[in-house]
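Trainee: Residue numbers (numbering that gives the first Met the number 0), protein chains in the order written: chain A, 0 to 282; chain B, 0 to 290.
Keep in mind the hints are simulated off the structure, nothing from the lab. Values in this document were obtained by computation on a predicted structure and should not be read as measured data. Where a beta carbon is used, it is the ideal one built from N, C-alpha and C, also for glycine. Mixed in with the good hints there might be a few duds.
In the DSSO-like style, the derived pairs of lysine-lysine whose C-alpha atoms are separated by at most 27 angstroms in a straight line are [to be verified]:
id, chain 1, residue 1, chain 2, residue 2
1, A, K124, A, K148
2, A, K234, A, K87
3, B, K30, A, K124
4, A, K36, A, K273
5, A, K87, A, K36
6, A, K87, B, K131
7, B, K194, A, K76
8, A, K87, A, K76
9, A, K124, A, K234
What follows is a list of derived Cβ distance ranges for each label pair [claimed, not checked]:
id, chain 1, residue 1, chain 2, residue 2, range
10, B, T127, A, T262, 52 to 60 angstroms
11, A, D43, B, W195, 34 to 42 angstroms
12, B, Q174, A, V31, 55 to 63 angstroms
13, A, T60, B, M261, 32 to 40 angstroms
14, A, N141, B, A182, 23 to 31 angstroms
15, B, A182, A, V246, 25 to 33 angstroms
16, B, Y269, A, H151, 43 to 51 angstroms
17, A, R126, B, Y269, 34 to 42 angstroms
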Amino acid sequence: MADRNAAAPQTSTPSGAQAPAIELIRVNRRFVTPDGKSMTALRDFTMTVDDGEFVAVVGPTGCGKSTTLNLITGLDKPSGGEVRLYGKPVDGIDSRIGFVFQTDALFPWRNVVDNVVAGPLFREKPRTEAYALARRWLARVNLAGHETKYPHQLSGGMRKRVALAQTFINEPRILLMDEPFSALDVQTRVLMHEALLALWTESGASVVFVTHDLEEAITLADKVYVLTAGPATVKSVYRIELPRPRVAAEIRYQQDFIAISHTIWNDLRDEVMKGAARSEAAV
Amino acid sequence: MSETLAPPIPEFRPGTSDAEIEAAAARAERKRRLTVRFWQVLLLVVLLGGWELLARAKIIDVFFFSSPSAIAARLYQWITQGADGTPLWFHVWVTIEEALLGFFSGFILGILAGVALGRNRMASDVLTIYIKVFNSVPRVVLAPIFILLFGLGLTSKVALSFVMVFFIVFSNAFQGVREADRALIANARILGASKWQLTRSVIVPSAMSWIFASLHVSFGFAIVGAIVGEFVGARHGIGVLIQIAGGAFDTAGMYAAIVIIMVVALAAEYAVTIFENRLAKWRPAPLAETH
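Pulled out of the complex, with its shape left as it was, chain A reads as follows (with noise of 0.2 angstroms):
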């Protein structure tokens, strides 16, 4: 724990002098489908994320968990609510936020380096400083000796690395992750989970972590929020008390992980079904 705080700029307690990282204040989100429908995908939703703090949402598919992140981003307005980044309301996208998605979000056309480089020349950093600084986030994650190589002759625990370079290269205080491991497979989800880890025990970045996977949720983070079926709101939170630094092989395999993990699946299994009885009745 103390590397963590040492990290972080201030004091992290939740009733310290210093406002949450992110704050979603009885959030509503109403938006009109294509075919003309009015679609409620979150409602009265509230969630807080102290500075430094890991936070997990899972809830069943297609519940609304990917629209907090665009709320949080600024790229989607609530309909009603407030949402807070240390304390002031979201105004367009803030540059202190770093975004993982699902998808490769990588540049095709651009090879490896000049993929991690992307952030820094936007944010206009002269060029030989932007590459020296993308050279050792590339080392950091591994993946030296590959700068020239392009995306599509990378793996796909590559591609992730890469992008999580390109993220990272930035310093966000606030990290956004969207189911960014559902496409890997089961046996790089964890070589990537123990790469997270390590960058942000370093970074002491705030994380909103979105996934479907509760064992990845309670490997991951401090603080794992259960969403109903959509129209979604806050179900349930639950404090992950097991100590760091956690060792993603082989946490899962002790005690009280599988006791934690019974408790919120036991919780989150009725929402599952709740969720897929919905999409499977005929509207």
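Once you have looked at the hints, place chain B on chain A.
Mentor: Coordinates of chain B only, in the frame set by chain A:
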């Protein structure tokens, strides 16, 4: 508990070592290539030879069909003595020049217009119907109008080439911009891209794959535009050669001009393919696996 293994099977049957099967595969491939070449050459000889024989035996009328020897003779005459008072290379050069000028101007302006309209929803919604209307006119009918407007010289042909290339490249660029991957755009915006940086670093490269798809077709059309323009009215060019030959009932001349067009078009195809390959190295090769 480990199991006892069966007696080891000999690794390779005699005559099937790695080196041997590789050599056998290479031999089979060479043989296949030679067979294909053989049939290609045979087909050519049969067709040309047959044509020549039929012409000489007066089974087909030379007036309409000409013969390979007559076409070759006309080509030789053009090469050594020029055509219609001008050297042959000059005619060919004029057509190529018109096609190149039309192609590059149409290409660049097509991309600019396609990207501008693709980025601006309102403008594209308003203008699309008018573009559709203009697009429906076969552009070759514009040739006489351009001759009236620009005269018999280079400009009218370049204009026709330009118009043919522009609409193809424009619609491909427009489509490419519209179809740019939203995740890439979102990613770039979050990484810090301004609207201009977004257009330059994400939208345009995204649209390039659509634009390259149209490269071969549009270059072909550039040549068509130049030649058709020359048909309608010109002093020099391959189209002029065809027209003069036609006017003089010189069928050998007409076919000779067609042979020249074939050579030019193939050379252009080849050049475009090389250019395309160099720029497309970021694309996955078809059927390539990365694991």
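Trainee: All hints are to be evaluated individually against the structure, with a verdict given for each.
Mentor: To see whether the hints hold, each was checked on the structure:
{"no.": "1", "hint": "A:K124 with A:K148", "verdict": "holds, 23 angstroms"}
{"no.": "2", "hint": "A:K234 with A:K87", "verdict": "holds, 26 angstroms"}
{"no.": "3", "hint": "B:K30 with A:K124", "verdict": "violated, 58 angstroms"}
{"no.": "4", "hint": "A:K36 with A:K273", "verdict": "holds, 22 angstroms"}
{"no.": "5", "hint": "A:K87 with A:K36", "verdict": "violated, 32 angstroms"}
{"no.": "6", "hint": "A:K87 with B:K131", "verdict": "violated, 48 angstroms"}
{"no.": "7", "hint": "B:K194 with A:K76", "verdict": "holds, 20 angstroms"}
{"no.": "8", "hint": "A:K87 with A:K76", "verdict": "holds, 15 angstroms"}
{"no.": "9", "hint": "A:K124 with A:K234", "verdict": "violated, 44 angstroms"}
{"no.": "10", "hint": "B:T127 with A:T262: 52 to 60 angstroms", "verdict": "holds, 57 angstroms"}
{"no.": "11", "hint": "A:D43 with B:W195: 34 to 42 angstroms", "verdict": "holds, 40 angstroms"}
{"no.": "12", "hint": "B:Q174 with A:V31: 55 to 63 angstroms", "verdict": "violated, 26 angstroms"}
{"no.": "13", "hint": "A:T60 with B:M261: 32 to 40 angstroms", "verdict": "violated, 58 angstroms"}
{"no.": "14", "hint": "A:N141 with B:A182: 23 to 31 angstroms", "verdict": "holds, 25 angstroms"}
{"no.": "15", "hint": "B:A182 with A:V246: 25 to 33 angstroms", "verdict": "holds, 32 angstroms"}
{"no.": "16", "hint": "B:Y269 with A:H151: 43 to 51 angstroms", "verdict": "violated, 26 angstroms"}
{"no.": "17", "hint": "A:R126 with B:Y269: 34 to 42 angstroms", "verdict": "holds, 37 angstroms"}
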